[in-house]
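A.B. asks: Now for the letters of each chain:
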Amino acid sequence: DQQVKQNSPSLSVQEGRISILNCDYTNSMFDYFLWYKKYPAEGPTFLISISSIKDKNEDGRFTVFLNKSAKHLSLHIVPSQPGDSAVYFCAASGGGGADGLTFGKGTHLIIQP
Amino acid sequence: NAGVTQTPKFQVLKTGQSMTLQCAQDMNHEYMSWYRQDPGMGLRLIHYSVGAGITDQGEVPNGYNVSRSTTEDFPLRLLSAAPSQTSVYFCASTKSRVGETQYFGPGTRLLVL
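Chains A and B are the protein sequences, given in the same order. Under our numbering, the first sequence has 37 at position 37, and the numbering climbs by one with no breaks. Under our numbering, the second sequence has 75 at position 75, and the numbering climbs by one with no breaks.
It cannot be assumed that every hint is accurate.
What the hints assert, rightly or not - No farther apart than 25 Å at their CA atoms in a straight line, the calculated lysine-lysine pairs in the DSS-like style are these:
#, chain 1, residue 1, chain 2, residue 2
1, B, 95, A, 54
2, A, 56, A, 105
3, A, 68, A, 105
4, B, 14, A, 105
5, A, 54, A, 68
6, A, 56, B, 95
7, A, 5, A, 56
8, A, 54, A, 5
What the hints assert, rightly or not - In silico contact screen, one side only, chain A against chain B (beta carbon under 7 Å); selected entries:
#, residue
9, 43
10, 44
11, 46
12, 59
13, 60
14, 61
15, 62
16, 100
In short, the hints are calculated from the structure, not lab data. Small disclaimer: the values here were computed from a predicted structure and weren't measured. Ideal Cβ placement from N, Cα and C applies to all residues, glycine included.
Here chain A stands alone, though its shape is the one from the complex (with noise of 0.2 Å):
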């Protein structure tokens, strides 16, 4: 059973425009949630986090907002920028299982000129 999903697998966005990515989770024990950007044949690198004791986490064009009664968070990228054309990864970390990262499965964010 996914906890960490990603329902949109694909995202077309003009460029100038808002980006936002969403992302949903199952599992109440996750305390912390990050981004991660990645290009073909590379690895993911990171891109934003927050911690579940925020709601909101903002660095320079990336926001991201944590609604926990929901359990659901979002990724906002203002300006979006034809560099931003990616797959965005959303991860989740502090459930009960074993320590390291939960993911998504991606969504892909392609940059229209």
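Guided by the hints, dock chain B onto chain A, whose structure is given.
C.D. replies: Using the frame of chain A, we list chain B on its own:
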């Protein structure tokens, strides 16, 4: 400072062969882990280590062994390769607490025939 390095970048094996995927980090991180990524899937945790001499199983450990004799190195061994182990393998490290930013290597693409 090279970060996390992985060798080889690409490997082809025959069913039943064994091999070791190498991973090294030069950031003096205590925590290291191995993930595999399959098409349409997120990354799944294979094994992890919270320090030299300490290892534990992740979500998908079967068919893999690890050891952690030094802080820097965390090799992953395939004892008897199977086609189901065809995947891209990522090694990651982090400074301390599980869930904090993990730094990923560039990956090893493995094909088992």
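A.B. asks: Run the structure past the numbered hints and jot down the numbers of the failing ones, going up.
C.D. replies: 4, 12, 13, 14, 15
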